[in-house]
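So the sequence shown is numbered by the numbering used here: it starts at 39 and just counts up by one.
Rather than coming from a laboratory, the hints here were simulated on the basis of the structure.
One should not assume that every hint holds.
Taking CB as the label site, the calculated pair distances span [claimed, not checked]: (1) Ser42 <-> Pro289: 48 to 54 Å; (2) Val291 <-> Gln445: 35 to 41 Å; (3) Gly75 <-> Ala386: 42 to 48 Å; (4) Ile52 <-> Asp114: 39 to 45 Å; (5) Asp178 <-> Asn112: 43 to 49 Å; (6) Leu43 <-> Asp260: 41 to 47 Å; (7) Tyr74 <-> Arg155: 49 to 55 Å; (8) Ala281 <-> Arg215: 36 to 42 Å.
Backbone N, C-alpha and C fix where the C-beta goes; we use that ideal spot for every residue, glycine too.
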Amino acid sequence: MSKSLQAIRGMNDILPEQTPLWRYFEGTVARLLDNYGYRQIRMPIVEFTELFKRSIGEVTDIVEKEMYTFDDRNGDSLTLRPEGTAACVRAVLEHGITGGGQVQKLWYIGPMFRHERPQKGRYRQFHQIGLEVFNLDGPDIDAELIVMTWRLWGELGLRDAVKLELNSLGTSESRGRYREALVEFLSAHLDKLDEDSQRRLKTNPLRVLDTKNADTQAVLVDAPKMADYLDDESRAHFEGLKARLDAVGIPYVINPKLVRGLDYYSKTVFEWVTDKLGAQGTVCAGGRYDGLVEQMGGKPTPGVGFAMGIERLVLMLEALDKVPEELARQVDVYLCAFGEAAELAALALSERVRDQLPNLRLQINAGAGSFKSQFKKADKSGALYALILGDDELAQQVVGFKPLRGQGEQQSIAWDALAAHLATCVVQG
């Protein structure tokens with residue numbers, strides 16, 4: 039096949055055999071967020087480039103190296119969104135929904151785009167579910183975000199596979215003081231830093247803390263700690279967050295090197311990490327960004343949020359064998375009809391059953407075929423039961439009811455009793 043007719047490297051098709059697990063994961067998250075009072079917002083995937091430069095920071099890796107940016111026919115510089123927070127802040131400002139101190143609890147889902155080297159768990163088009171909360175400034179809302187994710191891990195069976203890491207970056211003023219101390223320390227060890235860290239020292243020194251280079255990590259052992267430069271307000275906020283997590287019983291570790299890759303964070307930052315996915319260990323991350331709305335032209339507005347990577351969490355569910363068994367079965371009942379008259383009756387009967395059992399997954403054989411071929415399709419579908427409708431059944435207004443999984447004899451069920459019988463055998467288990 040011509041390369042031009044293949045998917046772009048790092049941008050993957052999600053095939054029919056994969057989508058049930060995606061829908062299960064997305065549905066589980068959506069129900070959880072509904073229960074906590076969050077409302078969905080949907081933003082465009084393309085924004086003006088300036089939005090991300092102003093919010094994320096021009097000297098971040100995302101803006102410098104990873105964004106998909108292009109000029110449209112009007113000469114405007116546009117970018118495929120690399121993350122969701124900036125776009126969400128733009129939306130709430132544009133529509134004025136946080137004005138007057140209105141509390142907004144929002145969530146979104148969709149694709150993000152970054153030009154990175156594709157590998158397992160890291161793609162150029164990837165999908166995230168994100169949450170953003172505006173006009174709440176206490177540690178209680180920070181704790182709620184973490185508690186929700188802890189509950190999600192429990193529902194998915196992943197609690198034993200993830201670890202919560204926390205840090206506080208303080209206010210912009212306290213972070214500025216820490217940055218000066220860190221630059222002074224690292225400058226004295228410049229020859230021991232890797233090339234990328236030397237570059238970051240001049241542009242975004244806090245990102246040096248995030249290095250994976252072993253030699254630079256050895257230097258950082260004796261580096262100044264952010265905790266020693268926190269202002270009183272940030273320290274009290276962080277202690278309040280830890281107290282709430284302790285009250286709920288959520289385990290965590292303090293990671294003084296956790297800074298996140300975006301310039302807008304302040305005070306709380308957190309990551310849920312795993313050792314089940316190789317190098318791509320972060321599955322959910324976020325924190326506070328109390329200055330971002332004002333930075334983008336709005337009034338001072340507290341903000342906090344997180345994003346989770348759908349691809350990575352789907353990979354975890356598969357790797358840890360946490361995929362629900364029912365996802366392997368896309369059909370509950372498969373109806374086989376033989377003869378034109380039976381096919382017409384089967385269509386009417388199946389719709390009558392669907393009226394009474396809207397959650398039943400009922401499939402009719404399309405394209406007819408012999409008895410053997412239809413039953414082969416029924417078995418391949420994964421259905422629990424086959425319904426059989428031929429001339430004899432049509433004359434008696436019954437259907438054959440045959441278990442396809444496990445034991446059980448074929449029965450004849452009257453049409454009027456079919457929905458009740460299926461409700462007992464399939465819907466109620």
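Cross-check of the supplied hints:
Taking 48 to 54 Å as the suggested C-beta distance range, the pair Ser42 and Pro289 conforms, at roughly 50 Å. Checked against the hint of 35 to 41 Å, the C-beta distance between Val291 and Gln445 comes to roughly 51 Å, which is inconsistent with it. The hinted range of 42 to 48 Å is satisfied by Gly75 and Ala386, whose Cβ atoms lie roughly 44 Å apart. Roughly 31 Å separates the CB atoms of Ile52 and Asp114, a value that falls outside the hinted 39 to 45 Å.
Distance hint check: the CB atoms of Asp178 and Asn112 are about 45 Å apart, consistent with the given range 43 to 49 Å. The hinted range of 41 to 47 Å is not satisfied by Leu43 and Asp260, whose Cβ atoms lie roughly 55 Å apart. Distance hint for Tyr74 and Arg155: a CB-CB separation of about 36 Å, inconsistent with the stated range 49 to 55 Å. One distance hint, 36 to 42 Å for the beta-carbon pair Ala281 and Arg215, is violated here, with the actual separation near 26 Å.
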